[in-house]
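Asker: Given next are the chains, with one letter for each unit.
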Amino acid sequence: AQTVTQSQPEMSVQEAETVTLSCTYDTSESNYYLFWYKQPPSRQMILVIRQEAYKQQNATENRFSVNFQKAAKSFSLKISDSQLGDTAMYFCAFMKVYNNNDMRFGAGTRLTVKP
Amino acid sequence: NAGVTQTPKFQVLKTGQSMTLQCAQDMNHEYMSWYRQDPGMGLRLIHYSVGAGITDQGEVPNGYNVSRSTTEDFPLRLLSAAPSQTSVYFCASSRQYYTEAFFGQGTRLTVV
Numbered sequence: 004a005q006t007v008t009q010s011q012p013e014m015s016v017q018e019a020e021t022v023t024l025s026c027t028y029d030t031s032e033s034n035y036y037l038f039w040y041k042q043p044p045s046r047q048m049i050l051v052i053r054q055e056a057y058k059q060q061n062a063t064e065n066r067f068s069v070n071f072q073k074a075a076k077s078f079s080l081k082i083s084d085s086q087l088g089d090t091a092m093y094f095c096a097f098m099k100v101y102n103n104n105d106m107r108f109g110a111g112t113r114l115t116v117k118p
Numbered sequence: 167n168a169g170v171t172q173t174p175k176f177q178v179l180k181t182g183q184s185m186t187l188q189c190a191q192d193m194n195h196e197y198m199s200w201y202r203q204d205p206g207m208g209l210r211l212i213h214y215s216v217g218a219g220i221t222d223q224g225e226v227p228n229g230y231n232v233s234r235s236t237t238e239d240f241p242l243r244l245l246s247a248a249p250s251q252t253s254v255y256f257c258a259s260s261r262q263y264y265t266e267a268f269f270g271q272g273t274r275l276t277v278v
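Chains D and G, in that order, give the protein sequences.
Under my numbering, the first residue of the first sequence carries the number 4, and numbering increases by one thereafter.
Under my numbering, the first residue of the second sequence carries the number 167, and numbering increases by one thereafter.
Derived by calculation from the structure, the hints in this document are not laboratory data.
Any given hint might turn out to be false.
Some but not every residue of chain G turned toward chain D, in silico, with C-beta under 7 Å [said to hold, decoys possible]:
1. Gly206
2. Met207
3. Gly208
4. Leu209
5. Leu211
6. Tyr264
7. Glu266
8. Phe269
9. Gly272
Chain G residues, not near chain D, derived (Cβ > 10 Å throughout) [unchecked claim]:
10. Met185
11. Ser250
12. Thr276
13. Val278
Glycine included, each C-beta is placed from N, C-alpha and C at the ideal position.
All chains, please: the whole structure from these sequences, using the hints.
Answerer: Written out as structure tokens, the structure reads:
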């Protein structure tokens, strides 16, 4: 079974600074998808960024980027120019190819952006 | 533009009671899923569906039933509620299994 580990239960960062959230996963698959989801206090789950394992290039979405290290099975999220609205729980998730929407989530990292 | 709608948002049940959590999406997505979120454990898949009439079990299916009679609706049934089912439940849908999953607002269920 695939497992996803987020080793930082809580993190904080000053507004406008950069923070990196860690995620590692365990799989024997060679092709899969990785995701970062954000859950603000409203409880809504929001996709932040998505990476396809067969793509070498790291995904980027505005201030959010990932460092995907396939051999190390690592998928960290970097948030640049942190904003107060980035305060949320962040979940790393893994999905095998052709497994019918069965996403496996990590336990989450609670990020607080301080003014 | 409703997206994924879950009802109710909050519910308190007594042990042994049954209830149905409703989930509806208006995006014509084939894939729908139910997750539960417990503190310190992230989200875990309960059941999923790849289209009307097709459902399958996820990681933690015991105590829950689902059916998918239409593309839009994917209700989750608790047959005999237990305190261990106290959790926040999320319904999600996606166009394809590997594309962005859109989540509902969640249902906070407490079983006493």
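Asker: Taking the earlier hints as the rules, which of them does this structure contradict?
Answerer: none
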